[in-house]
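**Q** Here's the letter readout for the chains.
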Amino acid sequence: KQEVTQIPAALSVPEGENLVLNCSFTDSAIYNLQWFRQDPGKGLTSLLLIQSSQREQTSGRLNASLDKSSGRSTLYIAASQPGDSATYLCAGMDTGRRALTFGSGTRLQVQP
Amino acid sequence: GAVVSQHPSWVICKSGTSVKIECRSLDFQATTMFWYRQFPKQSLMLMATSNEGSKATYEQGVEKDKFLINHASLTLSTLTVTSAHPEDSSFYICSARDPRGTNQETQYFGPGTRLLVL
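Note that the protein sequences, when read in sequence, are chains W and P. So the working numbering is basically just the index in the first sequence, starting at one, shifted up by 1023. So the working numbering is basically just the index in the second sequence, starting at one, shifted up by 10.
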């Protein structure tokens, strides 16, 4: 059974800093790896999706990498802004049902 | 982009009543829908996978007789929490995908339904 772990659980940084969020998964047989953003009391916003055959994806100030062999993914946020404050979730999609297994998230606070 | 709606967004009910939550894909046909549950300060946990026209597949530990799922059309899935109790209070989120579409593996998430059972 897939298990997804995210470190750190919480992170507080001053505005402008570059930061890295970590995600690890136990089953390397994933179909893809996705990163989401969740604001308090809200649903999910999809940020990046990395196919199992890919190594990284970029969107604006966000860059996500995937290393299946080590079971790790990282989300890099450049020049952080207060508006980036949210909980960031990574999730691995299984190859069968195409369901997502989520990590517990990293709560990010960017101080102005 | 594809939009998934959920109704209601908030529901408060008394213990012992049943609550129905709707998940709709607004501009695409979703042959598969997923129901997730999120307890406070925890991550999303998959409850069940729903395929149009067939019985839902429940995850281990999720009672199928308590959480009734119906996926009768390509745009609508419903989750009914029967005889709800306070421990069922949670944030329920659905997602939908269209495996025949161009973005076959993309799951589109609804905004969630917050359930509070008194």
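Treat each hint with caution, since some may be false.
As the list claims (entries may be wrong) - Here are the simulated lysine to any residue pairs, SDA-like style, with alpha carbons at most 20 Å apart:
hint	chain 1	residue 1	chain 2	residue 2
1	W	K1024	P	T59
2	P	K74	P	A12
3	W	K1024	W	G1106
4	P	K51	W	K1091
5	W	K1065	P	L78
6	W	K1091	W	L1071
7	P	K65	P	D75
8	P	K51	W	D1117
9	P	K51	W	S1092
10	W	K1024	P	M55
11	W	K1091	W	D1117
12	W	K1065	P	L126
13	W	K1024	W	S1127
14	P	K24	P	P121
15	W	K1024	P	E69
16	P	K74	P	K51
Since the hints were made in silico from the structure, they are not lab data. Fair warning: this is a prediction, and the values are worked out from it, not measured in the lab.
**Q** Of the hints stated earlier, which fail here?
**A** 2, 3, 4, 5, 8, 9, 14 and 16
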